[in-house]
Amino acid sequence: MTAVPARRRRGADEPTVRQVTEDLVLVEVGGRKVLAAALCPHRGGRLKYGRVDGDRLRITCPLHHTTFDLTSGERTSGAACAALRVVDVLPGQDAPTTGSATTTTGIAPVTGSTPSTGGAASTESTPSTGGAP
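In our numbering, the protein residues as written are 6 to 138.
Each hint should be verified, as a subset may be incorrect.
Derived EDC-like pairs: lysine to aspartate or glutamate, alpha-carbon spacing no greater than 20 Å straight-line [as the list claims (entries may be wrong)]:
id : residue 1 : residue 2
1  : 38        : 18
2  : 53        : 33
3  : 53        : 19
4  : 38        : 27
5  : 38        : 58
6  : 53        : 27
7  : 38        : 74
8  : 38        : 60
In short, the hints are calculated from the structure, not lab data. Quantities reported herein were computed from a predicted structural model and do not represent experimental measurements.
Can you build the whole structure from these sequences, using the hints too?
What follows is the structure in structure tokens.
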């Protein structure tokens, strides 16, 4: 599947990518909405022109064809680079409602990896809570 520009008529199941702020795009596919960084972390390609694979929930940058998973931000193919920043993933209308890690209020950036549930190392630095004894 490919994204259809907002000005053209599209079917209900076709994905769309809309620029919502200078830094964010909204990808709508299969009733789901994903708020993600507007620029590819590889070389700054504008993802509003990206190709969306609605079956796999992936977006491909139009510049160098690097592909990212829209649920985690993980790079799945293409040039080596950081993960895509995925800000929010809203479940589709037919998805079951659970206590998932996604939010519907506020915008808390996700660094591109799945949420940590314990001892896994984080990609963000954590301020020290105290000095050496």
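Hint check:
1. 38 <-> 18: holds, 12 Å
2. 53 <-> 33: It holds: about 12 Å lies between the C-alpha atoms, which stays within 20 Å.
3. 53 <-> 19: With Cα atoms ~15 Å apart, residue 53 and residue 19 stay inside 20 Å; holds.
4. 38 <-> 27: holds, 18 Å
5. 38 <-> 58: Between residue 38 and residue 58 the Cα gap is close to 14 Å, so the pair holds against 20 Å.
6. 53 <-> 27: Holds, at roughly 11 Å.
7. 38 <-> 74: Since the Cα atoms of residue 38 and residue 74 sit roughly 13 Å apart, the hinted pair holds (cutoff 20 Å).
8. 38 <-> 60: Holds: residue 38 and residue 60 sit about 14 Å apart, inside 20 Å.
In summary, the structure agrees with every hint in the numbered list given earlier.
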